[in-house]
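Residue numbers (the working numbering), protein chains in the order written: chain R, 206 to 592; chain V, 54 to 202.
Hints were generated in silico from the structure; no laboratory data involved. Treat the hints with caution; some may be incorrect.
[What the hints assert, rightly or not] Derived coverage of chain V by chain R (criterion: at least 3 residues anywhere in the stretch with Cβ under 8 Å from a Cβ of chain R; other residues may be distant): (1) 60-73; (2) 104-115; (3) 124-132; (4) 149-156; (5) 169-180.
Computed from a predicted structure; not experimentally measured. From the three backbone atoms N, C-alpha and C, an ideal C-beta is built for every residue, glycine too.
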Amino acid sequence: MLDVNNTTRVEVDWSGPERLQMNMGPQHPSAHGVFRAILGLQGETVVDVDAVIGYLHRCHEKLSETLTYAQYPSIASKTDYVAAMTSEFAYVMAAEEIGKIEVPKRAQYLRVICAELQRIASHLLWLGTWCMDMGGALGGGATIFLYCIREREDILDLFEALVGARLLYGFFQVGGTRYDVPDGWIDKCRSTVDRIDSRVDEYEQMLEDNAFFLARTQNVGTVSRELAQDVGIAGPLLRGSGVNFDLRKNVPYSSYEDFDFKVPVETAGDCYARYKVRMQEFREASKIIRQALDKLPSGPISSRPALKSVAQIRIVKGEAYARVEGPRGEVGSYIISDGSAKPYRMKWRGASFSNLSILPHIIPGHKVADVVAIMGSVDPVFGEVDR
Amino acid sequence: MTAEQARASLASTFGVEIAAAVPMVVIVTPDRWEEVARYAKETLGCRFFNFLTAVDWKEQGLEVVARVDNLEENVSLMLKTKLGPGVNNCASLTPVYRGANWMERECFDMFGIHFANHPDLRRILLDDGWEGHPLLKSYAVDTPHPPYR
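Between the sequences and the hints, there should be enough to build the whole structure, so can you do that?
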């Protein structure tokens, strides 16, 4: 928090530019959560930013030391609740890596399908809320938002049919997945993906022909290639700054090497570049889903035997850092195991935490209205920032 | 620079044994902490700052862990340093990697590690009035805390 006695105060007379400190948040609608930005303003221009986070802190890392490898995956989904599948994915992968646990091929494909569906759902929520943040110029405010929510609903229906839950799934377990696809699910999934693909074309037409949208996103919040790596931002932000790095391609996991897809990269580094990357990722994700559905192997969905008690899975001594490419970038779980049924230490590398820490570097110099556009383009989820 | 070259050059510069694994684990003494990070960034091209955290090994003391990557060559380093029993001072990596800023604040918040030369070391996730550092093994899960004001 800001220590009032410790801040430098600049005394200005009426002739000079007045410095104003303004609180944005913690309950600002454009924050998509609870985030407080203390902006130092000169006129309409932001000159410094102090980001205050932690409102949603639940100490997941301490909590994971008290829960077994069988219990924690469903809790892991509560870190990034907009993309719950990916955080479960990272946790179980780290445990499997230490314990050298095989995952059946069918489970690997099911994991890929769910992770990619989740990517589409998460990007839809991002696009809708971001366009709503930027307001009435984009077809009456809530238009895109409501369209996106309509499409996201279809994916949540798919997840509901698969898992029984719509937001926080508990689909992953160490050694495989907990559920197999029900009858008719594959056809439903295929038609949903096709429909969303055609709708994404519509969104692009609505947005990219809109002069207001271009004015608010182009050359706003530019992140250089060097700064992007130095701060460690990941995912669409990193690729929007011209770094061609995608874990699915560069360090394939869970059979991603079986699928043919492209990694979209843009070089401009501004909000528009990040938007372009995500729009192309919609299509690449549906390409992967279609291939995985076509090639879905038969066989078991988990190598884990039925458990009599939650403390039955013990992982040998060791440590591993497993990372997956989530919708917001690299989600990593660093587990140190002491041979018991619970991790000795678990560290979450939340993609949103690293991504959000870019804000103090890029916001100064922009107008207050641009802060909203920049923050939306970063797409933070505060469950993952605060963990 | 390939992973093998990076391994050889790290081993000769810092006089440490490094196993050929992904990621490479480099264990240095606390006084060479900033130096090894600077070497990784400038000589080995590990410009991507991934994360920084700490581990409490109870009576053996705290260990600081940082991971940096060279995305072009797929070289990943896991840098580690053991601070020793009862020590909670460490050099800061923020002058080398700007991304270390928030991560070190989190480490200070959770483990009470004081990073020298950090530009702005204060709590980040917990509130200023919090007592103790929750990720220390000596901090019980059910430690009572005073009500929020």
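Do the hints match the structure? See the list:
{"no.": "1", "hint": "60-73", "in the structure": "violated (count 0)"}
{"no.": "2", "hint": "104-115", "in the structure": "holds (count 4)"}
{"no.": "3", "hint": "124-132", "in the structure": "holds (count 3)"}
{"no.": "4", "hint": "149-156", "in the structure": "holds (count 5)"}
{"no.": "5", "hint": "169-180", "in the structure": "holds (count 6)"}
In summary, the structure is inconsistent with hint 1 from the numbered list given earlier, while agreeing with all the others.
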